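Could you put together the complete structure from these sequences and hints?
Quick note, the sequences are listed as chains A and B, same order. Per this note's numbering, the very first residue in the first sequence carries number 1; after that it's consecutive. Per this note's numbering, the very first residue in the second sequence carries number 1; after that it's consecutive.
The set of hints was computed from the structure by calculation and includes no laboratory data. Since we're looking at a predicted model, the values are computed, not measured. Treat the hints with care, as some may be off.
[Said to hold, decoys possible] What the simulated footprint calls covered on chain B by chain A, stretch by stretch (three residues with Cβ under 8 angstroms from a Cβ of chain A suffice, anywhere in the stretch; the number is not a length): (1) 243-256; (2) 881-891.
[Stated by the list, open to error] Residues of chain B placed beyond 12 angstroms of chain A at every Cβ, according to the derived structure: (3) Leu428; (4) Glu697; (5) Trp739; (6) Leu746; (7) Ser785.
[Stated by the list, open to error] Lysine to any residue pairs mimicking SDA-like chemistry, simulated, CA-CA at most 25 angstroms apart: (8) Lys280/B - Gly10/A; (9) Lys38/A - Ser892/B; (10) Lys50/A - Tyr576/B; (11) Lys38/A - Arg893/B; (12) Lys280/B - Cys6/A; (13) Lys726/B - Leu107/A; (14) Lys54/A - His741/B; (15) Lys878/B - Ile45/A; (16) Lys83/A - Asn743/B; (17) Lys894/B - Asp36/A; (18) Lys99/A - His252/B; (19) Lys38/A - Gly860/B; (20) Lys38/A - Lys883/B; (21) Lys875/B - Asn30/A; (22) Lys430/B - Thr100/A; (23) Lys83/A - Gly666/B; (24) Lys280/B - Ile45/A; (25) Lys430/B - Thr97/A; (26) Lys562/B - Gln621/B; (27) Lys276/B - Thr33/A; (28) Lys65/A - His741/B; (29) Lys65/A - Ala725/B; (30) Lys875/B - Thr33/A; (31) Lys280/B - Glu77/A; (32) Lys878/B - Cys6/A; (33) Lys276/B - Gly10/A; (34) Lys875/B - Arg27/A; (35) Lys83/A - Asp730/B; (36) Lys276/B - Asp76/A; (37) Lys667/B - Cys63/A; (38) Lys897/B - Asp36/A; (39) Lys38/A - Glu697/B; (40) Lys877/B - Glu29/A.
Glycine included, C-beta positions come from ideal geometry on N, C-alpha and C.
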Amino acid sequence: MLVINCPYCGERDQSEFSNGGEAHVARPENPETLNDKKWSEYVFIRLNPKGIFKERWVHTHGCRKWFNAVRNTSTDEILKTYKINEKPPSVAEFDTTIKTPSGEPDLGSGNFTVKK
Amino acid sequence: MTASNNNKNSCVTDSNKVSFTFDGKKYFGFDGDTIASALLRNNIKIIGRSFKYHRPRGIYTCGIEEPNALVQVLSESNEPNTRATVKKIYSGINVLSQNRWPSLKNDFGYVNNLLSPLFSAGFYYKTFMGPKGFWKNIYEPLIRRTAGLGKPPKEFRSKSIHNHHNVDIVIVGAGLAGLLAASKFIDSEYDVILLEQDNMLGGSLNSSQKIKTIENLETREWLKKIENLIKKSKNIKIFKNTLATSYNQTNHIIALEDNSVGKPLASHKPELILHKIRTKHTILSNGHIERLISFRNNDLPGVMLAGSFEKYIFRYGVIPETEPIIFTNNSSTFSLLKSLIDLGCKPKAYIDVRDESLIDKKTKNILETNKIPFYFSSEVEGCDGSQMLETISIRNKEMQIKKIKGSMLCISGGINPDVHLFTQSKGLIKWDEKYLTFRPETAFQNTITIGSANGNFNFNKIIEEINEKLSLFKLKELKIDLESDCPEDLNIVELWETISEKKSFWSKSFIDIQNDVTTKDLRQAVTEGFDRIEHLKRFTTNSMGTDQGKISSINSLGIVSKILKKNISEVGTTIYRPPYAPLSFSAIAGRSTYEFYDPTRKTSIHSWHVKNRAIFEDVGQWKRPWYFKKNNKENMYEAVQRESKELRNAAGILDGSTLGKIEIKGKDALEFVNLIYTNAFTKMKPMTARYALMLGEDGMIKDDGIVCKINDQHFIVTTTTGGAAKVLSDMEEYAQTEWPHLNVYLNSITEQFSTFNISGPKSRAIMRKVFSNIDFSNEKFPFMSFKKVNYLDTQVRILRASFTGELGYEVYISPKYGLELWEKFFRYGENLGLIPYGTETMHLLRAEKGYIVVGQDTDGTVTPLDLNLNWMIGKNKKDFIGKRSLSRSDTSRKGRKQLVGILAVDKSKIIEEGQHVVEKSSIPAKIKFPIKYLGHITSSYHSPTLNYYVAMAMIEGGNELIGKKFYVTQNKSLENINVEIVKPIFLDPENKRLLS
Ligand SMILES: [Zn+2]
Chain A
1 MLVINCPYCG ERDQSEFSNG GEAHVARPEN PETLNDKKWS EYVFIRLNPK
51 GIFKERWVHT HGCRKWFNAV RNTSTDEILK TYKINEKPPS VAEFDTTIKT
101 PSGEPDLGSG NFTVKK
Chain B
1 MTASNNNKNS CVTDSNKVSF TFDGKKYFGF DGDTIASALL RNNIKIIGRS
51 FKYHRPRGIY TCGIEEPNAL VQVLSESNEP NTRATVKKIY SGINVLSQNR
101 WPSLKNDFGY VNNLLSPLFS AGFYYKTFMG PKGFWKNIYE PLIRRTAGLG
151 KPPKEFRSKS IHNHHNVDIV IVGAGLAGLL AASKFIDSEY DVILLEQDNM
201 LGGSLNSSQK IKTIENLETR EWLKKIENLI KKSKNIKIFK NTLATSYNQT
251 NHIIALEDNS VGKPLASHKP ELILHKIRTK HTILSNGHIE RLISFRNNDL
301 PGVMLAGSFE KYIFRYGVIP ETEPIIFTNN SSTFSLLKSL IDLGCKPKAY
351 IDVRDESLID KKTKNILETN KIPFYFSSEV EGCDGSQMLE TISIRNKEMQ
401 IKKIKGSMLC ISGGINPDVH LFTQSKGLIK WDEKYLTFRP ETAFQNTITI
451 GSANGNFNFN KIIEEINEKL SLFKLKELKI DLESDCPEDL NIVELWETIS
501 EKKSFWSKSF IDIQNDVTTK DLRQAVTEGF DRIEHLKRFT TNSMGTDQGK
551 ISSINSLGIV SKILKKNISE VGTTIYRPPY APLSFSAIAG RSTYEFYDPT
601 RKTSIHSWHV KNRAIFEDVG QWKRPWYFKK NNKENMYEAV QRESKELRNA
651 AGILDGSTLG KIEIKGKDAL EFVNLIYTNA FTKMKPMTAR YALMLGEDGM
701 IKDDGIVCKI NDQHFIVTTT TGGAAKVLSD MEEYAQTEWP HLNVYLNSIT
751 EQFSTFNISG PKSRAIMRKV FSNIDFSNEK FPFMSFKKVN YLDTQVRILR
801 ASFTGELGYE VYISPKYGLE LWEKFFRYGE NLGLIPYGTE TMHLLRAEKG
851 YIVVGQDTDG TVTPLDLNLN WMIGKNKKDF IGKRSLSRSD TSRKGRKQLV
901 GILAVDKSKI IEEGQHVVEK SSIPAKIKFP IKYLGHITSS YHSPTLNYYV
951 AMAMIEGGNE LIGKKFYVTQ NKSLENINVE IVKPIFLDPE NKRLLS
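In structure tokens, the structure reads:
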């Protein structure tokens, strides 16, 4: 269970929040002008990286505000949270954080607990 | 050759006798005994039957790691799989052995032992494959009867509460290392929680004589002193009987406190407390676990881990056997040897696989002085005995086999730091070539490991280790003298398994004793290609029992690494997952049980429904009247037919309070509603309403409802009962994330209104009586308009709308006045034929009109175009959610499934919901080729007004098939029903009734 820092309420238990998938995927302003491929990319395609990921969360059982978070999907560490109207941080900001737990490779399975 | 009591220096004394029952027979133990120690005191060595082969099994360990001694506690709601080595007895506890039938001694399933070739690695996957039907009728019942562990309790009862803590430090384990660490925090600025699974502090200090004195005090005296000091310190909380089971992200620790240790359950107190602890730092001082050695019949009752044997002597005051035999590959058994001599017991033999040069002087000295027969460079080849250990075969240096008699064998295959919690926290472990075990290497979270949990087995170094590892805190240096006469080095040599001489079905060398996995199974699995440790585990079920292979999983890595000719660190371990030890579902549930987990929501009219014989339907958490029984004899079909008919003849009233209601306000409310729903709302007049659809961005229908426009800045919308919460969330999401520039406020008002739907030809007459000052004429109160009306000292909103196809009104009133108004309707309406009706009648009536129900006629793959609801799409609107998707190549293609009506050619036929629409008149008895399937029936009801079945279906290219004949399959026949595809409207297509 994570602790998530709601930019409006402060640190709360994960059980109060819901995840909303990849952040900064803006709804196109003029959908009618897009071809099928471009529109489908907006509707269906989302990133799912191992590592640093900017994603949306909502404080469902709290202030009900949507906000953004930077999470390392490999370590599950939430590195930063910020309001939706705030500028997203650059990835370089998190260069010094731990990339993977337990000596895992940057890509692939998480089944590594033994140091070789 | 019997057990004896240690009255000299144990934690359990004979002052208080306690009577208990095991398998129907009464015994006595002492206050503080576990079930296991009490049974050993009574010379009971067989305690259960094994999982697959039903071999007799005894007590193998003295703690949480126990693989065998699991019992059913009859006196505690039949609690199964209770560890006899942990559960403390009290007067009157009634315990039953598990997995045997008809009795422990004469067990029928022992025949499985003879059939053992059937039960080798992967037996579940291979043996029980065919023929067809055998699994369900023969294998599964057989396996259920003979395999498995205890029986589940008959009743579920909540017996736990959850506590939350936020602290600076959690210390897991109050053994020597944990207590020394805790003592550093005494009167410091840190908030500390100290967790101990036993009901006393001390850990190995209680279970051995390895340490003689601490600070010049006898160890038990020192324990008393240190416990008092810690207790007095206001910043440290001690939880005894509390087991840390999970170490999650963000230093979140779950620990389970057993609140009823050594006493019967109190009905008025929680039996278990689940502590959820957030901490800044965790100190793991949770010790170590001894491991076994695999040899022929190493599962016989009488074989026990050496450290556990020693623990029984000092922790529980029972010497399980006064003349045991010891078999080891390391120096940790020295203290057992010495303790036995100190207590006047003489081991029958000492077998050590190590070369004489590796065996410490102290051990050799004791053996020689006391003339104990010893065998160096030797090993136990195997054991024999019927039911229990009788003879032990020793393979000596010269590879000769020598047999000796004995009833207990104490084995030690080495010591593992208990890295379970450490790896749960995502820490990295490393293979230690010196101690032949995995040790914590790098912590991922703020985790500090100390003592034997860190792989430090040398007592003389512990003070230094703790001072160094806790140096990041502002604490005093520990300066404490310890006196120990244990050998400083473990001097362990590798020994996972000895070679068996005898080959027979009875002779098995076990690796996982609980799951009956043998070393042969491991070899077979590798031969069959399961050479990855995670695969091997699943295929053999090795270390998948309730003990998770605590005493054997490292051994299996050792054996597999030998087979694969790899290093153990290359083989790797399987992932350790929470919980550390099984915990009752009740502990996880806490107070969230029954209605506290899933509350029931009732409308303000509920009591009236109950009085009037309503049968309820669960819609989400709501209780909705499904239908009303006229009398006790009337069944559901009859009631629904009657309600439908009477409503179309006169009038009916439905409690629609559960429908979701959302208020939308703000300067930009109109624009917002235009973007959310498909319909166009700009030209809509104030105080009118519209049936509206809500889509996802993929163009599929998500919800429907009625949008009421009070003015351009104020709307009230209804949602389906089940969709209410989701629709509000979605609206909020768009308002905040996509259109933050729009000024809108959203509010759920579902529970602020009771809602009634009055419908039927007499509804206008009834409304006139109830609201006598309102003009209900068509001119003044047209279809899809609404009014705000004063009523008593409140206001009522009346909307002219209908879901039945009849003239109808919806009334919204504060729930406070709901029941009063509902009863008023009946006072005025009963002689006009007003009846209450439920959701099933509502569904029937709307189907006659071809109105859809979202979630029944649609399933998340249906667009408005598929339902011919093109008229509901505001084509001139620039944008709304899902609009662009309606012109995607897939959503606009021909041949998509479309909504049609279905009527049987022979009108007496019954069309069932969910059946397929096909081209052929019958289904072949044996299907050789796929049958072309056009679609399926989404709704079907017997219409009492028309006196035949009316059905709707989603069919490929349905619009082009109107007038064509097809077939509908049946549940219990291969003959299909001939049907005609019609427009999905069966009654009053001109809407005369609706607009009357
Ligand atoms: Zn918040």
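Hint by hint, here is what the structure shows:
By the rule of at least three residues with a Cβ nearer than 8 angstroms to a Cβ of chain A, the coverage given for the stretch 243-256 of chain B holds, with 4 such residues. For the stretch 881-891 of chain B, the proposed coverage by chain A is satisfied: 5 residues have a C-beta within less than 8 angstroms of a C-beta in that chain, meeting the threshold of three. Against the 12 angstroms criterion, Leu428/B falls within the reach of chain A, whose nearest CB is about 5 angstroms from its own CB. Listed as outside the interface, Glu697/B is inconsistent with that label: its C-beta sits roughly 5 angstroms from the nearest C-beta of chain A, within the 12 angstroms cut-off.
A beta-carbon of chain A is positioned within 12 angstroms of the beta-carbon of Trp739/B; the least distance is around 9 angstroms. A cut-off of 12 angstroms between C-beta atoms contradicts the statement that Leu746/B is not in contact with chain A; the least separation is 9 angstroms. Listed as outside the interface, Ser785/B is consistent with that label: its C-beta sits roughly 33 angstroms from the nearest C-beta of chain A, beyond the 12 angstroms cut-off. Between the alpha carbons of Lys280/B and Gly10/A the distance comes to roughly 17 angstroms, so the proposed pair stays at or under 25 angstroms and holds.
Under the criterion of a C-alpha separation no larger than 25 angstroms, the hint pairing Lys38/A with Ser892/B is consistent with the structure, at around 17 angstroms. Proximity of Lys50/A to Tyr576/B is assessed by CA-CA distance (about 21 angstroms); at most 25 angstroms being required, the pair is judged to hold. At most 25 angstroms may separate the alpha-carbon atoms for a hinted pair to count; Lys38/A and Arg893/B meet this at roughly 19 angstroms. Taken as a hint, the Lys280/B and Cys6/A pair is honoured in the structure, with Cα atoms around 19 angstroms apart against an allowance of 25 angstroms.
A distance of roughly 35 angstroms separates the Cα atoms of Lys726/B and Leu107/A; the hinted pair therefore is violated under the 25 angstroms criterion. At roughly 23 angstroms between alpha-carbon atoms, Lys54/A and His741/B fall within 25 angstroms of each other, so this suggested pair holds. For the suggested pair Lys878/B and Ile45/A, the alpha carbons sit about 24 angstroms apart, so the restraint of at most 25 angstroms is met. Our distance criterion of 25 angstroms between C-alpha atoms is met by Lys83/A and Asn743/B, whose separation comes to about 18 angstroms.
The hinted pair formed by Lys894/B and Asp36/A meets the criterion: a straight-line CA distance of about 17 angstroms does not exceed 25 angstroms. The straight-line distance between the Cα atoms of Lys99/A and His252/B is roughly 21 angstroms, inside the 25 angstroms bound, and the hint therefore holds. As the CA atoms of Lys38/A and Gly860/B are separated by approximately 22 angstroms, the hinted pair is consistent with the 25 angstroms bound. At most 25 angstroms may separate the alpha-carbon atoms for a hinted pair to count; Lys38/A and Lys883/B meet this at roughly 15 angstroms.
The suggested pairing of Lys875/B with Asn30/A holds, with an alpha-carbon distance near 15 angstroms, which does not exceed 25 angstroms. This hinted pair checks out: Lys430/B and Thr100/A have alpha carbons roughly 17 angstroms apart, not beyond 25 angstroms. A threshold of 25 angstroms between alpha carbons decides the hint, and for Lys83/A with Gly666/B the separation of about 23 angstroms falls inside it, so the pair holds. A distance of roughly 39 angstroms separates the Cα atoms of Lys280/B and Ile45/A; the hinted pair therefore is violated under the 25 angstroms criterion.
With a CA separation close to 23 angstroms, the supplied pair Lys430/B and Thr97/A stays within the 25 angstroms bound. Taking the CA atoms of Lys562/B and Gln621/B, the gap is near 58 angstroms; set against the 25 angstroms cutoff, the hint is violated. Of the supplied pair hints, the one linking Lys276/B and Thr33/A is violated, its CA atoms being roughly 53 angstroms apart against a limit of 25 angstroms. Restraint check for Lys65/A and His741/B: the C-alpha separation of about 15 angstroms stays at or below 25 angstroms, so the hint holds.
Only pairs whose Cα atoms come within 25 angstroms are accepted, and Lys65/A paired with Ala725/B is accepted, the gap being roughly 15 angstroms. Distance hint between Lys875/B and Thr33/A is fulfilled; the C-alpha atoms sit about 15 angstroms from each other, no more than 25 angstroms. A distance of roughly 15 angstroms separates the Cα atoms of Lys280/B and Glu77/A; the hinted pair therefore holds under the 25 angstroms criterion. Using a Cα cut-off of 25 angstroms, the hinted pair Lys878/B and Cys6/A is violated, with the two alpha carbons roughly 35 angstroms apart.
With a CA separation close to 20 angstroms, the supplied pair Lys276/B and Gly10/A stays within the 25 angstroms bound. Distance hint between Lys875/B and Arg27/A is fulfilled; the C-alpha atoms sit about 20 angstroms from each other, no more than 25 angstroms. Under the criterion of a C-alpha separation no larger than 25 angstroms, the hint pairing Lys83/A with Asp730/B is consistent with the structure, at around 18 angstroms. Annotation: proposed proximity of Lys276/B to Asp76/A holds, straight-line Cα distance about 19 angstroms (limit 25 angstroms).
A distance of roughly 22 angstroms separates the Cα atoms of Lys667/B and Cys63/A; the hinted pair therefore holds under the 25 angstroms criterion. The suggested pairing of Lys897/B with Asp36/A holds, with an alpha-carbon distance near 21 angstroms, which does not exceed 25 angstroms. A distance of roughly 13 angstroms separates the Cα atoms of Lys38/A and Glu697/B; the hinted pair therefore holds under the 25 angstroms criterion. At roughly 14 angstroms between alpha-carbon atoms, Lys877/B and Glu29/A fall within 25 angstroms of each other, so this suggested pair holds.
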